[in-house]
Amino acid sequence: MKLKGAKILMECLIREGVEVIFGYPGGANLPTFDEIYEGKIKFILVRHEQGSAFMADGYARATGRPGVCMATSGPGATNLLTGIASAYSDSIPIVAITGQVRTWLIGNDAFQESDVIGLTRPITKHNFLVKDVRDLARTVREAFHIASTGRPGPVLIDLPVNVTQDETEFEWPEKVFIRGYQPTVDGHPGQIKKAADLIAKCKRPVIYTGGGVNLSGASQELTEFVRKTGFPITMTLLGLGAYPGTDPLSLGMLGMHGHASTNHAVQNCDLLIAIGARFDDRVTGKIEAFCPKAKIIHIDIDPASISKNVVVHVPIVGDVKLVLRGLNDIVQAPDVSEWWAEIREWQKKYPLWYKEDGSIKPQYLCEAIYRAAGKDAIVAADVGQHQMWLAQYYRFDYARTFLTSGGLGAMGYAFPAAIGAQAAYPNRLVIALVGDGGFQMTMNELSTVVQSKLPVKIVIMDNKCLGMVRQWQELFYKKRYSQVFLDEGSPDFVKLAESYRVTAKRVSKKDDLGPALKEMIATPGPYLLHVEVTVEENVYPMVQAGRALDDMIGSLS
Amino acid sequence: MTHTISVLVENKAGVLARVAGLFSARAFNIDSLAVGETEDPTVSRMTIVVRGDDRTLEQIIKQLNRLVDVIRVRDISKEPFFDRQLMLIRVGLDGKSREKLLKLAQDLGAQVVDAHQDNAIFELAGDQKKMDGMLEAMKPFGIREVVRTGRIALSQKTEVTLKDLKE
Chain A
180 MKLKGAKILM ECLIREGVEV IFGYPGGANL PTFDEIYEGK IKFILVRHEQ GSAFMADGYA
240 RATGRPGVCM ATSGPGATNL LTGIASAYSD SIPIVAITGQ VRTWLIGNDA FQESDVIGLT
300 RPITKHNFLV KDVRDLARTV REAFHIASTG RPGPVLIDLP VNVTQDETEF EWPEKVFIRG
360 YQPTVDGHPG QIKKAADLIA KCKRPVIYTG GGVNLSGASQ ELTEFVRKTG FPITMTLLGL
420 GAYPGTDPLS LGMLGMHGHA STNHAVQNCD LLIAIGARFD DRVTGKIEAF CPKAKIIHID
480 IDPASISKNV VVHVPIVGDV KLVLRGLNDI VQAPDVSEWW AEIREWQKKY PLWYKEDGSI
540 KPQYLCEAIY RAAGKDAIVA ADVGQHQMWL AQYYRFDYAR TFLTSGGLGA MGYAFPAAIG
600 AQAAYPNRLV IALVGDGGFQ MTMNELSTVV QSKLPVKIVI MDNKCLGMVR QWQELFYKKR
660 YSQVFLDEGS PDFVKLAESY RVTAKRVSKK DDLGPALKEM IATPGPYLLH VEVTVEENVY
720 PMVQAGRALD DMIGSLS
Chain B
714 MTHTISVLVE NKAGVLARVA GLFSARAFNI DSLAVGETED PTVSRMTIVV RGDDRTLEQI
774 IKQLNRLVDV IRVRDISKEP FFDRQLMLIR VGLDGKSREK LLKLAQDLGA QVVDAHQDNA
834 IFELAGDQKK MDGMLEAMKP FGIREVVRTG RIALSQKTEV TLKDLKE
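The listed protein sequences derive, respectively, from chains A and B. Count along the first sequence from 1, then add 179; that gives the number in my numbering. Count along the second sequence from 1, then add 713; that gives the number in my numbering.
These are calculated hints, taken from the structure and not from any lab test. One should not assume that every hint holds.
Here are the simulated DSSO-like cross-link-like pairs (lysine-lysine), alpha carbons at most 27 Å apart as the crow flies [said to hold, decoys possible]:
#1 A:Lys310 x B:Lys725
#2 B:Lys775 x B:Lys809
#3 B:Lys791 x A:Lys487
#4 B:Lys775 x A:Lys465
#5 B:Lys791 x B:Lys842
#6 A:Lys474 x B:Lys775
#7 A:Lys183 x B:Lys725
#8 B:Lys816 x B:Lys791
#9 A:Lys372 x B:Lys775
#10 A:Lys500 x B:Lys775
#11 A:Lys643 x A:Lys688
#12 A:Lys373 x B:Lys775
#13 A:Lys632 x A:Lys697
#14 A:Lys407 x A:Lys382
#15 A:Lys354 x B:Lys725
#16 A:Lys697 x A:Lys674
#17 A:Lys540 x A:Lys689
#18 B:Lys775 x A:Lys487
Let's have the full structure, built from the sequences with the hints guiding it.
What follows is the structure, encoded as structure tokens:
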């Protein structure tokens, strides 16, 4: 039977297991929305297309399955770009489907036309312009395959109106074969053996894991590896949760705002075992001074990540889950109790600290959220100071419970990402921790939570300014605060929420915070808690740009 | 260090933009790039001449391999290989120089494509050295225009055939 392109698209999405689409209609995707009208797949109508890409990203991070967002041509598509770029930086599988003008108008500067393939080429893992309806089913199949395998990432499908209107026989390709795309998943046994040999001989090891462990779903294998070796483990921002943060073998986060003790351990290790991490500059500090005494093992599914920033001694290309299984089978760990004694000394000397002064300290807010939320909660953090404090003070025990735009650092991410996660798990507690700056970039999605009946809890950490930029201006620009204060223009967040029929409350006293969080969690439906915190508070410790990882300021109170 | 990379890619619209975009986005330098269909019309071969140290080259090859439309990448300058380019060159001439110029061009292996009263176009195929020699020899006569293809190259050894790359 012949089907229209738009119907073929929906049939393909159903077969790919898509349960929800985040998006916005327009002229160039009208035929597709005529199929969405059938209601076979749940649709979440956003208020700005950027939100739909962040939601697809949040959905993907929370579930491990590709998130789907949809926008029209031209401005609809360009509004997706920041969300797609963020997913690309963090290797998050999303499939973005954009409308496009009719094939014969492409290149003619038609109404709402933009070169979406050209615009998204550098920020997608791959993109497709479908010019013939007969290619549509195979393209959708390939898009999901590419997005979710190998090193995952966003894939965009650009669909001209006439392709969605044209008819053809619908054939679902069971198998996908792309001759130029064959990721290596099995680690080379010889390399795994070499890694095991280095491990057997080391005295001062550190395991350093990144987002790749979460993406691979390798928490169990990682936990086995850590327990078997008894080695200390540190995680990057995107790696948090892959190994329990409350476990004594966890050293928490490393890097620019990592624990000072952890950075000292990394700098003094003789073996660094990097797993699904990419030696980002926020992690390594001054690259020439990073881990000067260490041999490095690097496990990653993307060969291009290996020896890109740091030359490694034992590269292992493969899915970290499978490589860790291989390694767990043969690994023999030496006794590292002396090394642990040294690390414990650093930990005693350099605990995280902040000073109470009667106001609500932002760090205290993060601790309070951690105490109130419970193990099952999913927490999204926006970008800036609150993101770093949350990473420091919230001890994530489970993979896929922390959502944040790490690589791109896109403000406005957290609230829509939380909506995406909540759409996947309507019954779990999902909290978006946002700053007063970032929230104002995507707060229009309050409409979305109300209309979609998603009980997202929003906590605004309001310090009246762009805290991280202010911190840098304080420390490196002689306190010449340039364009960082927002409070004169900020809305009354409680009234704002109430105007959307979202329950809201303001807290400015420390003693009220705990009960307010409890009330927020107990209240059904969406909720906004506006928390006024200390204005001039800095994230410490801190590695200044261009300094070595153990050259930190603010590591002692 | 100059390297000659041979890249088999899908013969589809937009692939050249993906490859060129990768080089500009990652600040790799291209000396020349030549592209054309292979014995299999669904596949094109790009010959890319790049400059960089071994680490840069390693990254270039890895990043090229990440592109879905790239089927195979090979640094053929690691092994014996042949490269050629084609040059068209317009040189000024007059009654006095005419004979001398045509003789010289013939000695250098160039063909006359077109000749007029005051200028002639020569065609020369060969390796870099041959091109340089021709340009040097023509300089005294007055070079008016030069156009050249990028280098194309094949390894001395037979590559994996395209059939082997299929399912």
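Evaluation of the provided hints:
no., hint, in the structure
1, A:Lys310 x B:Lys725, "12 Å, holds"
2, B:Lys775 x B:Lys809, "56 Å, violated"
3, B:Lys791 x A:Lys487, "21 Å, holds"
4, B:Lys775 x A:Lys465, "24 Å, holds"
5, B:Lys791 x B:Lys842, "19 Å, holds"
6, A:Lys474 x B:Lys775, "23 Å, holds"
7, A:Lys183 x B:Lys725, "25 Å, holds"
8, B:Lys816 x B:Lys791, "38 Å, violated"
9, A:Lys372 x B:Lys775, "24 Å, holds"
10, A:Lys500 x B:Lys775, "22 Å, holds"
11, A:Lys643 x A:Lys688, "16 Å, holds"
12, A:Lys373 x B:Lys775, "23 Å, holds"
13, A:Lys632 x A:Lys697, "21 Å, holds"
14, A:Lys407 x A:Lys382, "15 Å, holds"
15, A:Lys354 x B:Lys725, "22 Å, holds"
16, A:Lys697 x A:Lys674, "21 Å, holds"
17, A:Lys540 x A:Lys689, "8 Å, holds"
18, B:Lys775 x A:Lys487, "10 Å, holds"
This entry does not satisfy hints 2 and 8, going by the numbered hints stated previously.
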